[in-house]
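Visitor: Using the hints, put the two standalone chains together into the complex.
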Amino acid sequence: MRAVLGRFKFGGRGLVVVLPYVWLMLFFVVPFLIVLKISFSDIDLAIPPYKPLWIWDGEHAPAITLNFNNYTFLFTDKLYVKALLNSLKVAFVSSMLCLLIGYPMAYGIARSRPAVRSVLLMLIVLPFWTSLLLRVYAWIGLLKANGVINNVLLHLGLIHEPLTMLYTPFAMYVGIVYSYLPFMILPLYANLEKMDWQLIEAAEDLGCRPWRAFLSITLPLSRNGVLAGSMLVFIPAVGEFVIPALLGGPNALMIGRILWDEFFSNRDWPVASAVAILMLLLLVPFMMWYQSIQAREAAASE
Amino acid sequence: MGRLRRLALPGCAAALALLISACGGHKSGGAAAVSNAKVLNLFIWADYMAPDTVDKFEHQTGIKVNVAFYDSNEDLETKLLAGSSGYDIVVPSASFFERQIKAGIYLPLDKAKLPNLSNLDPALMARTAANDPSNAHGVIYMWGTIGIGYNEKMIHALLPDAPLNSWRLVFDPAVAAKVSKCGINFLDSPAEMMRIVYSYLGKDPNSDKPEDLAAAEKVLAAVRPYIRNISTADYIEALANGDLCIAVGYNGDLLQSRDRAHDANKGIDIGYVTPREGTILWFDNLAIPKDAPHPGNAHTFINYIMTPQVAADITNFKRFANGNLASLPLLLPDVKADPGIYPTEQIMARLKVQTADSAGQARLVTRVWQKFKTGQ
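In order, the protein sequence lines correspond to chains A and B.
Under the numbering used here, the residue at position 154 of the first sequence is numbered 154, and the numbers go up by one with no gaps.
Under the numbering used here, the residue at position 53 of the second sequence is numbered 355, and the numbers go up by one with no gaps.
The following block holds chain B by itself, in its conformation from the complex (with noise of 0.2 angstroms):
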């Protein structure tokens, strides 16, 4: 035994010195090897395209693409953050980009290199460059909204009167009470709920003023008891089979959570409303990190994915609105008509982008939520 712990003590010794050189200094961020291979990492959503998009590009371009995927911003923002990543494009979301961006983790595109930019629809990058400065960093990959998914005849057993198309719905303690018995969830995502929590009380969704914050409390703590869950993926399977009426999630997952419904045959219909008081806007963003091995693929990947049919074809697939102008006359009838995928342009006025929390906003922000979540 006492030999082991002399062996101990040098063994520190060297993990000591591992550690101060592994992670003593900040690195400088930037200048990684650049190669040029014809491969392309790519680190985006699961299931987040169309079954060919990949095929096409590597038939098209000879660029061998290895895909990765995430499940949450949360996620790609950490192995981002560590630095090192090794991914030449990733597919961040609006308020997270802008975090990223200030971090100085993004090369700037170099728009010589994207032709197909003209196809863009100007006035949704015009919104974009909210969160990026003059669309700097960043090509819009698809976007959607914030609404509710409900199912109306659980909700109408209920409430016959139920105000479907107002955040009132959930927010008015009289309905929610109402209206609870069969199933409230909210999303799992302090920032964009306050957002939308703004929203119904007619403020600048934005705003990181106290009273406002203060307000927002007072009406989640009135719904409290009237909100069956908190999360971020469970409501999809959950609307569609019964168990829940009303879920507050993202349109893309709403509207799988319709279909789904739809395909099972148990009588189930799953509605999505934009409310009318209006809600926020998400849009995911194709970018590449400063220490891309591979930039050049990067560029001819993104440019690729502005062609129309390939944007078309993505969108007819996943159901979710893309930021191509070009590709409008391509889109499935059904698609183009959906309100629920491309709102009209009266719900598109009230529609907001969400901006990035400043650190002592978001602690603020985060601390209302658990208040909220546990009561404590």
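Chain A with its partners taken away, still in its complex shape (with noise of 0.2 angstroms):
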């Protein structure tokens, strides 16, 4: 260790390179091995709740009982893997819509002159100084039964009734599209920004109608920036506690809920963290996936 730390001694490149896997370690390797560690654990009344991995009496060797009871478990009661499904099916819909949306938005912006892009792009980042919570909350009031967009409906005359929005499938959808929305455009817009809309003209000289040489040229040139948004937005909305929480109503069963509730009404701390391994290994091939985009853009851009 002490000859491969030497190598790195002197100059600040070393430290460079050393502090992101410093950091890694600390925040993701050591947290993953200590839940993979209670996912072998046995539940217990105690501090902490679950039952010690090995017992070492300090002269013999170390007695290590490990536990699959927790993981078998899971596949005796379909409802975790039907939660497991439905987060995935929600991740889905949610990225598609993300992308339906996002992708006029992020070809509007390339196409913009410098000046009205950098505004546009303000306009895009600036939901972010408000913190989520509040954002989707003020979705509630926007969806709920007496909230603004039925009462302005109904002063229209449009509806009769209020139309029930909250606590649906659809205001699920409507918070995670919103919230998730940049993580599309972003990609893109780095991506659609540096293509050569020459080919476009070129195209359109040769007689190319412009929706042709948007499906042949700038669809498949943007293809590597479709594919980190959607991974971008599809990642972490599998996982998604808070929206479906807020706005999905009770009938909405994502893994993130199921995680909760063991970790908190069932107390079973080692079910809940087989439960998170689970999840983190479903993902794990959309994560190299993601990974194996960014290496090529990277590549392409050399």
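The set of hints was computed from the structure by calculation and includes no laboratory data.
Worth double-checking, as some hints may not be accurate.
Unchecked claim - Each pair of labels, with its calculated beta carbon distance range: (1) Ser420/B to Ala63/A: 49 to 55 angstroms; (2) Ala425/B to Tyr137/A: 49 to 55 angstroms; (3) Gln648/B to Pro31/A: 50 to 56 angstroms; (4) Ala661/B to Thr130/A: 36 to 42 angstroms; (5) Pro462/B to Trp129/A: 31 to 37 angstroms; (6) Val336/B to Thr130/A: 42 to 48 angstroms; (7) Ala348/B to Asp57/A: 41 to 47 angstroms; (8) Phe241/A to Tyr350/B: 22 to 28 angstroms; (9) Phe170/A to Leu460/B: 23 to 29 angstroms.
Unchecked claim - With a straight-line cut-off of 25 angstroms between C-alpha atoms, the simulated DMTMM-like cross-links for lysine to aspartate or glutamate are: (10) Lys194/A to Asp205/A; (11) Lys568/B to Asp205/A; (12) Lys511/B to Asp57/A; (13) Lys82/A to Asp490/B; (14) Lys520/B to Asp77/A; (15) Lys78/A to Glu513/B; (16) Lys78/A to Asp490/B; (17) Lys82/A to Glu519/B; (18) Lys78/A to Glu519/B; (19) Lys592/B to Asp474/B; (20) Lys78/A to Asp377/B; (21) Lys592/B to Asp77/A; (22) Lys404/B to Glu519/B; (23) Lys673/B to Asp77/A; (24) Lys638/B to Asp423/B; (25) Lys455/B to Glu161/A; (26) Lys480/B to Glu201/A; (27) Lys381/B to Asp42/A; (28) Lys673/B to Asp474/B; (29) Lys381/B to Asp44/A; (30) Lys654/B to Asp373/B; (31) Lys78/A to Asp514/B; (32) Lys51/A to Asp349/B; (33) Lys483/B to Asp44/A; (34) Lys51/A to Glu376/B; (35) Lys511/B to Asp77/A; (36) Lys654/B to Asp571/B; (37) Lys592/B to Asp42/A; (38) Lys404/B to Asp205/A; (39) Lys37/A to Asp57/A; (40) Lys37/A to Asp377/B.
Fair warning: this is a prediction, and the values are worked out from it, not measured in the lab.
Glycine included, each C-beta is placed from N, C-alpha and C at the ideal position.
Guide: Structure (structure tokens):
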């Protein structure tokens, strides 16, 4: 270890390289290993509320007991698999909706004049200045039975009875799409902005119709941006807890809420940890895919 | 890149070593360093004291109070069970308190340091002894009931003879179907709601019989289509605004909703009732974690809270009933006369204390509740 560190001893470069690794160790690897450890443990009424994995009296070899029951338990009750599948569905639909709404916006920003462009980008980022929780609560005020939207529609005479929007899947999708839209727009914009628009001009010169030019030139060239944006929406949306809890109503079955129930209602930290590990394993392929897109993007821009 | 890879391995080994040393064995608990500083770390529900409660204590004793807030028992329990919280006083609710006592995380009270204990109501203390045998670890801070908050005007428009003083209002499908149009909210708390269904069915609220749970599941499934939302906090505002007309909830929250509706002056009147089939009581207890750094100051604080004037000030301001018999003459007349705060003796006889479920029972109850909520 000393030899390895010795090589980085001189100059700030070593420090710069080491820092992200230390960060990852402390805030990702160590917590992950702790959660992994708890997931192999057994529930207990004590501090902490699970049994130790190994007991070492200091003389004999430590006795390690690994308990896989928490994992097998997750497959005995259909609830967990259903919740996982539903979370994947919600995340997928949300990413598609974000893409449909975000693509035209990113395209518009990329094609606008530089002065306008920075203003538009600012408008995309501006909502982040307020807490996510506040923005989601604001949607409650908009969507509820005697909320802004219903009152306006009633006043205009378009409806005669308030629409039930809050605590429905519709409200949940509105909340998720609204909150994650910037994560779709920004990578798409970064991608589209680098595009060579002369290609489009060339296509038009050769008699290509705009829609056809978009489909055969712009869209394929922005593929990496589309994938990166979709992953950035999809991955966090799978574990989303706050938005379904506040807007989605009680029957929104999401893995994040199951996790909450395991942790707080059942106080079963081991099963809760097993759910968390399972969710992580499920997301790893998507994260690796995202990484490879990023790497390709970086290679392409060099 | 190659060099980075080589760096990662020893890093992993170091992290692993750290992990093993940090959380390998179980902490023996207890023996934390006791400090003589004139400081008290109080961890209490948000917005749960009179404005001058802490100031007066600091002034009288010279002990500086650091106050931190939580808004759920789950939040408190997680911090306490993780260990070394650093708090001197916490205020857990009954069944949580019972389980935490069993986990061995509280210091037995030194009653010689609590002369004001004689001010407390022995009848109430006898009830909380169901959670804390012989009241060894805690003192009642405030208490209340779980009942129904309702908007009579909205309900009457739908069902003129609605049984407002009965759990039938929300658990009888024929009634619930009619009043569901104006919005019913259930408390999102599996253990408490299951006990309320048991009360409605005339069973022991703390039953752990599988057949009782099955019966409760049937009742819940039959009314599920008529329940608009299941939440623990949103109903205060929604009821006061007229977005809901019925909310099953804590009396303190529902009375707050009533006051908000009254202040808004939009013609919305909210009532609160403890249904005639009976319901469960909630108790919040002052307790001292075993590893509290200032246990002496914590005892001083508990004794201070049990002063009749201090307890009365909190009740008059927050409108929660306290357990202090000697403070009753100091209460505002409208507080003392409000059956939503101090139930009549007739109702008191039908109220039960919630005891803790075993881990297995808790899992069964949560599962029934999840099925009720999501239909899965």
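Visitor: Give a verdict on every hint.
Guide: Evaluation of the provided hints:
no.	hint	result
1	Ser420/B to Ala63/A: 49 to 55 angstroms	holds, 52 angstroms
2	Ala425/B to Tyr137/A: 49 to 55 angstroms	violated, 42 angstroms
3	Gln648/B to Pro31/A: 50 to 56 angstroms	holds, 54 angstroms
4	Ala661/B to Thr130/A: 36 to 42 angstroms	holds, 41 angstroms
5	Pro462/B to Trp129/A: 31 to 37 angstroms	violated, 51 angstroms
6	Val336/B to Thr130/A: 42 to 48 angstroms	holds, 44 angstroms
7	Ala348/B to Asp57/A: 41 to 47 angstroms	holds, 45 angstroms
8	Phe241/A to Tyr350/B: 22 to 28 angstroms	holds, 26 angstroms
9	Phe170/A to Leu460/B: 23 to 29 angstroms	holds, 25 angstroms
10	Lys194/A to Asp205/A	holds, 21 angstroms
11	Lys568/B to Asp205/A	violated, 66 angstroms
12	Lys511/B to Asp57/A	violated, 41 angstroms
13	Lys82/A to Asp490/B	holds, 21 angstroms
14	Lys520/B to Asp77/A	holds, 20 angstroms
15	Lys78/A to Glu513/B	holds, 22 angstroms
16	Lys78/A to Asp490/B	holds, 22 angstroms
17	Lys82/A to Glu519/B	holds, 20 angstroms
18	Lys78/A to Glu519/B	holds, 18 angstroms
19	Lys592/B to Asp474/B	violated, 46 angstroms
20	Lys78/A to Asp377/B	violated, 28 angstroms
21	Lys592/B to Asp77/A	violated, 38 angstroms
22	Lys404/B to Glu519/B	violated, 29 angstroms
23	Lys673/B to Asp77/A	holds, 12 angstroms
24	Lys638/B to Asp423/B	holds, 15 angstroms
25	Lys455/B to Glu161/A	holds, 19 angstroms
26	Lys480/B to Glu201/A	violated, 65 angstroms
27	Lys381/B to Asp42/A	holds, 19 angstroms
28	Lys673/B to Asp474/B	holds, 19 angstroms
29	Lys381/B to Asp44/A	holds, 16 angstroms
30	Lys654/B to Asp373/B	holds, 24 angstroms
31	Lys78/A to Asp514/B	holds, 23 angstroms
32	Lys51/A to Asp349/B	violated, 36 angstroms
33	Lys483/B to Asp44/A	violated, 44 angstroms
34	Lys51/A to Glu376/B	holds, 20 angstroms
35	Lys511/B to Asp77/A	holds, 21 angstroms
36	Lys654/B to Asp571/B	violated, 28 angstroms
37	Lys592/B to Asp42/A	holds, 24 angstroms
38	Lys404/B to Asp205/A	violated, 81 angstroms
39	Lys37/A to Asp57/A	holds, 20 angstroms
40	Lys37/A to Asp377/B	holds, 22 angstroms
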